[in-house]
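Engineer: Below are the chains, spelled out letter by letter.
There are 2 protein chains.
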Amino acid sequence: MSEEKIIDGMQYGFVPNRHLWYFEYYTPGNCGIFMKMNKHLYSAQSKYQRIDIFETDFFGRVFSLDGITMTTEKDDFFYHEMLVHVPMFMHPNPKKVLVIGGGDGGSVREVLKHKSVEKVIMCEIDEMVVEAAKKYLPVTASKLDDPRVELVFEDGSQFVRNFKNEFDVIIIDSTDPTAGEGGHLFTEDFYKACFDALKENGTLSAESEDWLYDGAWLRLAYSRIKKVFPVTKLYLGFMPTYPSGMWGYTFASKGIDPIKDFDPEKVKNFGEELKYYNEEIHKAAFALPTFLKKELENL
Amino acid sequence: MSEEKIIDGMQYGFVPNRHLWYFEYYTPGNCGIFMKMNKHLYSAQSKYQRIDIFETDFFGRVFSLDGITMTTEKDDFFYHEMLVHVPMFMHPNPKKVLVIGGGDGGSVREVLKHKSVEKVIMCEIDEMVVEAAKKYLPVTASKLDDPRVELVFEDGSQFVRNFKNEFDVIIIDSTDPTAGEGGHLFTEDFYKACFDALKENGTLSAESEDWLYDGAWLRLAYSRIKKVFPVTKLYLGFMPTYPSGMWGYTFASKGIDPIKDFDPEKVKNFGEELKYYNEEIHKAAFALPTFLKKELENL
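Quick note, the sequences are listed as chains Z and U, same order.
The numbers in the numbering used here rise by one with no breaks, and the one at position 137 of the first sequence is 137.
The numbers in the numbering used here rise by one with no breaks, and the one at position 174 of the second sequence is 174.
Isolated chain Z (complex conformation) (with noise of 0.2 Å):
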């Protein structure tokens, strides 16, 4: 077995000659994560991309998408909680909701722990996704069934343009910008399309990708985000199974502040089960290294 074929192997997500190991590659990096794969549980190649999902010792549950990891058992909170509780904390009364991609599920759980929540509208392009995840992966897809849901299986890019004025929150639950058609959800013009469709109290959480090795999708999403909207904020959050673990996601509103104008007590008092996400971490969250501030004070 020549080297060269290794490192083909490893480009494309899972070596095929050594299945019992799950290697995503970081492309910018010439790097990446591995783990030990227990079972695949599922493997298809749906009109868009590659879906796998496998069992494993540690993370219990892995789901991947063109081999880049989505979402795991064992951390899925870190994500889903940060990306959903801060713009829904950030409304007054949210009641209508629209979470753009989020195939897994696990944005609509967090949704639905807001007592305010009277409809979400999950917009995901590939229904093979949603499938695949109602089977395997129950600690994310558990809600779905809810009578509150409703599952649109189309290129969310095009769906939000269908609404004016409709929505309190918006979630880009995007997948990867590279894998699939997750590149659509990273247009100026899409941003522009959400911003329509909200109403005037309207806020907005974009999974932003991370700095160190995809750093131009996370200026570009911030970027184009910021253009759109009148405030436009990044935070981070810890998620220990996606590239270098410091996330990006992007926060946007007409006009509300996510520090000025955030109430901890209305975290304090929420009532439901949260893992990661609490008052002190929403503060916290916007705190941003130096080197990043100075690289989105020049954008």
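Check each hint, because a few of them may be wrong.
One copy or two, either will do: identical chains are not told apart, so a pair holds if it fits within one copy or between any two.
[Unchecked claim] The calculated DSSO-like cross-link candidates involving lysine-lysine, where the alpha carbons are at most 30 Å apart (straight line), are:
#, residue 1, residue 2
1, K294, K226
2, K143, K293
3, K74, K226
4, K275, K293
5, K113, K294
6, K260, K39
7, K39, K95
8, K294, K115
9, K113, K293
10, K115, K293
11, K39, K134
12, K294, K283
13, K268, K74
The hints are simulated quantities; they were obtained by calculation from the structure and are not laboratory data.
Got chain Z sorted already, so can you dock chain U onto it with the hints?
Structural biologist: The following block gives chain U in isolation, referenced to the frame of chain Z:
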């Protein structure tokens, strides 16, 4: 080549038959990170541990002990700034500092950015690490020849017992407790000796491992330090090339509180270049995710 052989290779840190990839194996998680190596610059077995320094395109030079990544040129400042500046800024006027471990020199480099410092003793057990760092890691070792620095090559857990009421700040920049003699620097006895060696206004920081894979060490370090010091607080920082990317540090003092007694103006007016740490990061680092807060409450 059988699967068994590959697994053995990974556990050792370097896959012998694929010298162009560095694998760090996180044993409790059956997982790890890998990096493409360009060139192996240095490899030696000292009395205490295996030392490796190699070059990569993305991370620059990488330094590992017993196959565990200690420093990369790309992200050394994430770790060293968080370990050093929290206790240094909390001390009203740090003149005499003890660094225990820290052989690559990164902690000393950061300590010397504080103008008040008259003397730093760095006590590193392994002289070969310091020699290798001076030769191959100028990014961290650049200040080891400063006249204010005294290098001592002894077991820090014993060396600190020579002092009573001597230091303003002690920084425990240990290797992994499972590597070399690292475990010595995680005992209650040792923390008690640090307490005695500190002056009345003394502050201390200790690297405290990660929660996801090595939670036992983090809890142990924190709870033992807490038994000894009246003020003990865990804080967190991003650290991409360490396990999980979420790195724990413990701050301790004889009375100074790292939040209530913190003066952000001191940091704003520092006048030295810092790339990660700033006054907002200082406060944010003490905000812990709920799962971790709960664990610490029970210790």
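Engineer: Next, verify each hint and record whether it holds.
Structural biologist: Hints and how they fare:
| no. | hint | verdict |
| --- | --- | --- |
| 1 | K294 / K226 | within (16 Å within a copy, 36 Å between copies) |
| 2 | K143 / K293 | between (37 Å within a copy, 27 Å between copies) |
| 3 | K74 / K226 | between (33 Å within a copy, 28 Å between copies) |
| 4 | K275 / K293 | both (28 Å within a copy, 10 Å between copies) |
| 5 | K113 / K294 | between (36 Å within a copy, 20 Å between copies) |
| 6 | K260 / K39 | neither (48 Å within a copy, 50 Å between copies) |
| 7 | K39 / K95 | neither (40 Å within a copy, 57 Å between copies) |
| 8 | K294 / K115 | between (39 Å within a copy, 25 Å between copies) |
| 9 | K113 / K293 | between (32 Å within a copy, 21 Å between copies) |
| 10 | K115 / K293 | between (35 Å within a copy, 25 Å between copies) |
| 11 | K39 / K134 | within (18 Å within a copy, 46 Å between copies) |
| 12 | K294 / K283 | both (19 Å within a copy, 19 Å between copies) |
| 13 | K268 / K74 | within (25 Å within a copy, 38 Å between copies) |
Violation of the numbered hints given earlier is confined to hints 6 and 7; the remaining hints are satisfied by the structure.
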